[in-house]
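**Q** Taken in order, these protein sequences are the chains called A and B.
Under the numbering used here, the residue at position 252 of the first sequence is numbered 252, and the numbers go up by one with no gaps.
Under the numbering used here, the residue at position 117 of the second sequence is numbered 455, and the numbers go up by one with no gaps.
The set of hints was computed from the structure by calculation and includes no laboratory data.
Among these hints, one or two may not hold up.
As the list claims (entries may be wrong) - Below, in silico cross-link-like pairs of lysine-lysine (DSBU-like), each with a Cα-Cα straight-line distance of 35 Å or less:
| # | chain 1 | residue 1 | chain 2 | residue 2 |
| --- | --- | --- | --- | --- |
| 1 | B | Lys438 | A | Lys335 |
| 2 | B | Lys387 | A | Lys335 |
| 3 | B | Lys387 | A | Lys336 |
| 4 | A | Lys156 | A | Lys299 |
| 5 | B | Lys387 | A | Lys39 |
| 6 | A | Lys336 | B | Lys438 |
| 7 | B | Lys387 | A | Lys57 |
| 8 | B | Lys387 | A | Lys116 |
| 9 | B | Lys387 | A | Lys2 |
| 10 | B | Lys501 | A | Lys335 |
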Amino acid sequence: MKPFSYSRAETVADAVAALVANPHAQVLAGGTNLVDLMKYEVIHPEAIIDINPLPMKTIEELPDGGLRIGALASNSAVAYDARVQAQFPLLASAILAGASPQLRNAASTGGNLLQKTRCCYFYDPSTPCNKRAPGSGCAAIGGLTRMHAILGASEKCIAVHPSDMCVALVALDATVEVEGPDGARDIAVCDFHRLPGDAPERDNTLARGELITGVRLERNHFAQHHSYLKVRDRLSYAFGVVSVAATIEIAGTQIADMRVALGGVAHKPWRDQLAEADFAGAPAEEATFQRVADRLLVKAKGQGDNDFKIPLVRKAIVRALRQAASGTPQSQTNKKIQ
Amino acid sequence: MEIALERPGSLTCPLALTINGNPYTLDVYPWTTLLDLLRSNLELTGTKKGCDHGQCGACTVMIDGQRMNACLKLAITLDGTAVTTVEGLGTPDDLHPMQKAFVEHDAFQCGYCTPGQICSAVALLQEGHARSREDIRELMSGNLCRCGAYSNITDAIEEVLAKQATDPSHREAAE
Ligand SMILES: Cc1cc2nc3c(=O)[nH]c(=O)nc-3n(C[C@H](O)[C@H](O)[C@H](O)COP(=O)(O)OP(=O)(O)OC[C@H]3O[C@@H](n4cnc5c(N)ncnc54)[C@H](O)[C@@H]3O)c2cc1C
Ligand code: SF4
Ligand code: FES
Ligand code: FES
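Generate coordinates for the entire structure from the input sequences, incorporating the hints supplied.
**A** Here is the structure:
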């Protein structure tokens with residue numbers, strides 16, 4: 001790790017001011033991603049601003065029946081919160097599908113949203129990578145692409161966003177609350193992460209100096225019909241190869257409202273609201289789910305090593321929708337896929 | 339802001355924390371991890387370094403009662419906290435019930451992962467989410483064992499969990 005200076009933020013304004021004052025300063029929450037990347041010298045901030053003293057740990061009920069999760073609430077605190085489990089079981093399930101108990105205790109909600117890709121070239125400073133060193137090229141293109149994108153990739157970067165939690169947040173249409181030099185604003189989580197395009201060094205739409213302060217979830221009708229299905233190389237403590245967060249509101253035998261978000265396939269959790277809307281009123285059955293999967297993957301394109309992801313995620317979408325429709329979400333303990 | 343370093347590398351920062359019940363007042367570099375502080379600065383070498391990247395669980399300790407990977411925690415961020423390592427759980431003459439169960443079930447071979455396994459298992463029981471063998475397996479998945487002692491590790495934890503469920507005094511002893 002390269003040396004850096006350290007300070008503790010006492011207010012959000014403190015942290016924002018410190019970020020604005022030094023373009024090479026970075027905030028630290030749980031540290032499970034940032035400290036790791038600093039050890040590999042992928043990231044080497046001049047100044048670390050510890051935001052852990054800030055009062056952003058609480059999970060509170062909103063007047064409209066939703067929940068607000070503070071940016072420093074740990075992944076464990078969120079996943080085991082009784083209100084989250086009752087109202088947003090998809091979120092609890094997705095968090096428990098990720099990392100390990102130790103890591104979830106340390107990891108924060110804001111840090112999870114901002115975790116970097118696990119592209120192995122991004123992690124290896126001896127290789128070219130447009131995300132780590134803009135303009136240097138992309139070692140993944142033409143290299144090992146097994147874990148890379150099948151949707152929304154660009155000629156500059158084919159990395160995927162590795163989070164499980166974010167896939168559920170996208171399916172639940174959460175809102176990210178941020179505060180920066182120009183005040184506070186809301187960002188719809190679907191617009192929070194971005195596709196790589198010509199600027200893969202930018203993972204998201206957060207402006208310099210902005211801090212995540214919390215995440216808001218609106219009340220919904222999905223608590224009965226949901227599933228988070230994660231497919232990975234070993235049953236636990238591994239990043240997803242692909243994952244699916246599915247929720248359906250069922251009226252009689254038909255789909256009233258359906259949301260499908262995909263993890264491990266793109267630079268952001270992938271969702272296609274236009275496609276979802278086309279299935280309103282369709283029967284909630286296998287044949288429909290297959291059409292949903294086909295529709296979501298129309299533009300899917302493999303990179304070679306990861307061509308298998310296309311049939312894999314197609315099947316995972318159908319399974320997750322079937323699990324959601326039947327009210328039997330994927331267990332994150334017994335990982336057998338029913 | 340309490341601490342600001344003018345010249346990175348030239349100065350250390352003050353840190354006050356409790357480790358295994360003992361108060362420490364220290365000066366550390368901001369880039370020292372809790373794991374390196376324990377092992378190198380304080381010679382508490384019970385906590386092991388496997389991967390140094392959060393991938394193996396050998397460095398598991400409890401920070402304010404919560405199990406975490408000491409290799410990914412900068413020590414300076416832990417001002418005012420209470421850390422428990424394997425040295426704080428029991429002594430050779432007075433083993434913690436989890437340590438005793440690990441011995442009785444032969445829940446290790448080389449023993450390198452064991453301190454992390456034991457700290458993790460003690461925290462697991464305190465968390466109270468494990469009710470079955472299957473739960474134990476999943477909730478211990480953050481601790482790898484290259485010797486593959488998994489089934490005996492699970493047996494040991496299952497026994498302490500069962501004793502805790504039937505005998506509240508055992509619960510107090512285990513915590
Ligand atoms: C071995 C291993 C396995 C893992 N497996 C999984 C997995 O299966 N699934 C999964 O989803 N994740 C997994 N993770 C990743 C883990 O979820 C993230 O590391 C964690 O969520 C990051 O949170 P943190 O609080 O530790 O962030 P930090 O490391 O503290 O910060 C991450 C980034 O966010 C910034 N930041 C943090 N908080 C804020 C804020 N409030 N405002 C603005 N910026 C902020 C930091 O500056 C930094 O850039 C794994 C990690 C490891 C090490
Ligand atoms: S895919 Fe993206 S992150 Fe990976 S090497 Fe290419 S530019 Fe870097
Ligand atoms: S040494 Fe910390 S997890 Fe491996
Ligand atoms: S006993 Fe050898 S690594 Fe677990």
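**Q** If a hint holds in the structure, say so; if it does not, say that too.
**A** Taking the hints in turn, this is what the structure says about them:
Annotation: proposed proximity of Lys438 (chain B) to Lys335 (chain A) holds, straight-line Cα distance about 31 Å (limit 35 Å). Proposed proximity of Lys387 (chain B) and Lys335 (chain A) is supported: the alpha carbons are some 30 Å apart, at most 35 Å. In summary, the hint linking Lys387 (chain B) to Lys336 (chain A) is supported, as the alpha carbons are separated by about 33 Å, within the 35 Å threshold. Taking the CA atoms of Lys156 (chain A) and Lys299 (chain A), the gap is near 18 Å; set against the 35 Å cutoff, the hint holds.
About 14 Å separates the Cα atoms of Lys387 (chain B) and Lys39 (chain A), which keeps this hinted pair within 35 Å; it holds. For a cut-off of 35 Å, the pair hint linking Lys336 (chain A) to Lys438 (chain B) stands: about 33 Å separates their Cα positions. Taking the CA atoms of Lys387 (chain B) and Lys57 (chain A), the gap is about 30 Å. The hint holds against a cut of 35 Å. A C-alpha spacing of about 24 Å is found between Lys387 (chain B) and Lys116 (chain A), which places the hinted pair at or below 35 Å, so the restraint holds.
Under the criterion of a C-alpha separation no larger than 35 Å, the hint pairing Lys387 (chain B) with Lys2 (chain A) is consistent with the structure, at around 20 Å. Proximity of Lys501 (chain B) to Lys335 (chain A) is assessed by CA-CA distance (about 27 Å); at most 35 Å being required, the pair is judged to hold.
This entry satisfies every hint, going by the numbered hints stated previously.
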